Amino acid sequence: MSAAPGAKASSAALIASLRAIVGAGGVLARPEELLVYECDGLTHHRGQPSAVVLPRETAEVAAVVRACNAAGVPFVPRGAGTGLSGGAVALEGAVVIECQRMNRVLEIDPEDRVAVVQPGVVNADLSKAAAPHGLLFAPDPSSQQACTVGGNVAENSGGPHTLKYGTTTNHVLALELVLPSGEVVRLGSRGGAPAGYDLVGAVVGSEGTLGIVTEATVRLVPIPEAVETLLGIFPDVVSACRAVGGIIRAGLVPAALEIVDRRTIAAVEASVYAAGLPLDAGAVLLVELDGPRVAVTGQVERVRALASEAGATRVEVARDAAERQRFWRARKGAFGAMGRLAPDLYVHDAVVPRTKLPEVLARVCEIGDRHGLRLSNVFHAGDGNLHPNISFDRRDPDEMRRVLAAGEEILRTCVEAGGVISGEHGIGTEKQDFMGLLFGEADLDAMRRLRDAFDPGHVCNPGKIFPTTRFCVESDPKARGYERVELA
Amino acid sequence: MIPQAALARLREAVGAEGLLEHAPLELEGARPELTLAPADGPALGRALGALSELGLAALVRGAGTQLALGNPPRRADLVLSTARLRGIEVLDAEEGVARVRAGTPLSELREAAAACGWEPPLDPLRPEATLGGVLAAGTPGPRGLGFGRPRDAVLGLDTALASGERTRCGGRVVKNVTGYDLAKLYVGSLGTLAVIEAAWLRLRPRPEETRLLVASLASKGVAAGTEAARLPSARIVAVANALLAPRLDPAAPAGHPLALIELAGDASVVAADARELASRLGAASGAPDTLERLREGLSDLPGEAALRARLDVRPSRLAACAAALVGAPLLLQPGLASVHVWLPLGEDPQAAGGPGAADAVARAFDRLAEAARAGGGRFVVEAAPLRAKLGRDVFGEAPEGLALMQALKQRFDPQGVLNPGRFVGGI
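If you read the sequences in order, they're chains F and G. Going by the working numbering, the letters in the first sequence line up with residues 1 to 488, in that order. Going by the working numbering, the letters in the second sequence line up with residues 1 to 427, in that order.
I should point out that these hints are in silico values taken from the structure, not numbers from a laboratory. Treat the hints with caution; some may be incorrect.
[As the list claims (entries may be wrong)] The following residues of chain F were derived to be distant from chain G, with all beta-carbon distances above 12 Å:
#1 H45
#2 G191
#3 D320
#4 R402
[Stated by the list, open to error] Chain G regions said to be covered by chain F (calculated; three or more residues, Cβ under 8 Å):
#5 43-57
#6 128-138
#7 295-307
Predicted model only: the values in this text are computed from it and were never measured. For glycine and all other residues, C-beta sits at the position ideal for the given N, C-alpha and C.
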């Protein structure tokens, strides 16, 4: 959507008032400065913000929000911009409120086992800060070296260890939030019991549409006494999935259960992330067990037996930290390895009931092949959370069209299997028009009631999550910005 | 009295078997003479639609085990019962998930899940408690240390809004960020935003080993309890002070606090933790009825002359909170950062309304507020005679965010059909 006529003068006035709040160095407004803020990790959805503002404290965020409201301009919170669903993209000429300068760990309380942090604290840095106390922050998305806690809260981020530890929502106890009105409110409690409605639970995962988190009190968990990582080599994905089912049925709850498919193995082994995996393997299963040493030792043997029973041709147990890292390279290097095949990488995020994984994966591969795409799979098998990766070039309009067509088919396949369209990346602009696959008008209307209670004017991250219905995403790569065209 | 025309409209919504006229019930000051018990989701939707249309207010009820919780309803023309929305629709032993109707007693789910190696991570205080009731109240039972809060067990919810529209959120898979997490709002809302019709739940593997231990503690009750709650297999840690201890275990040495600890999980871990507790606290195996007594205590109705309250505090300030309540029977749950207390409301219940009784109630609420401050948290009066509730908020002082909560109520239930007045701040 292009800016309204006469917007330029008012935009200059808004930028002046933003500079007055955060200082000249805290506002970016030149086109070349704004370029990097046009998209997040989902590179084919773009929108140019009218400005980017970098506040340093809560009061500045509140003042920025009030200034935007006074100017009638919407705003979008942004952390590190590592999101994968377009959630941090500025639509309708919104001002981006980037929280990276609010990056202090305010408190680590080993007695209460909580940390109080500003939203711009990098996920991995929080665990580093907690480590001397024998504690860690459990959510560990693949982007944890860059992504921020504020972004994790907005997206309810997961990661490979959610099977045992849950997602971000299980670890957020209290929030300070700048409401879309500019008012500041503190929600939740340090002990975890909500006071009234569980507004913290409602805000986590709301994709920055209910306000801007300016402080989070999060739970820290003890660093496990023992960690063991196993790598199982399987002839095919079906037998690897069978091993996962066997492990779960045995009552074991590993910290992670990850599968890498043959296509990904090939890509990884051809890249700098090479982990020494056999190229003829059909699938690799990574199992991480953690907890008290007395328990983990026995569990390693049980998992080894269950994997062999399911058809593993080889099961290795990491002998040391270096080997553990090598095993994880096969999993964590997947995105990088696929990324080197083409300029753009599209990571899907649907979830299916775990028992449906083999048949859904076969369908997903078939869909990718039929559309002539470079598609491979890594997935959180324990959660049933798929990550089909498609390497592509968004400058190639035909390939872009095929990527989107395949994506829609993948989502439909997963929903038909009893699943959902996003496990941890969010809806954003990417999947908003597929919300109807899961939810009817009354369901969406209930969600709108929540939105409207917080943000009646729809000024906070507008244009996300809810279906645009009459609109479709225009993927013409020549179009500057994130454009929408109305269907006839 | 509900006019005949309205009755006919309600009968049409739920069918003749779903409409029960009865003698007035005494429910928190309301005297409803009618219970609506829809047999399925569509009937629940029709019932709510009819209530909205007729401008009537309902007191929503499962098995009624937590009816004491909440402020007295501003209005309750009838009872809306979920009792007939009963049954386990799906119990998927491969996935470890279940879809269960709201009126199903949790004991039924527990039994069915156990038969295939799973357990629901919900721990109601009474066996007849229904899934819907446990989720609406949202408070964890003693096993909350191991299970987490009820919110954590829910994967998806089917709800009927006050308008009668039936909606759903979440799904059946264990990881899901598709749309707003409305289930978090509904769980713990005491039925004031929507009526839960059914839920998809996450189950947990049944523990390989479970052990119940009791330990009589000398001076350092709270500290010992806090340490016990950090053992990896600790699922319940409850510490009764010397005044409450005989209630949990009549055979325990008099005059000392008593810890009740349940360990569950991997057999080797349970054994190691039990050894640790034996050497550290002298803990020994407890009789199973100790656990029953704990649950009874936490759900009792203290009668006309006392109130029962829970304080949710900062974990590290549990002892400070308890110190502010010295002289009263106390139960501390370090893993949940909560303190349960029983406070007297005047010697003579017959004098209710007299100046002395009113003073006793005010004193009890003042003590709770003071103890909550000492603990850096809040209190909620979980059970009290009506006279103690009138003119007060059983949830204590208004929380920050109350304006947002009122806005939510306004948008979900503008007419005040669902439990009006029961929740925080009179929502």
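Broken hints, numbered, in rising order?
2, 5, 6 and 7
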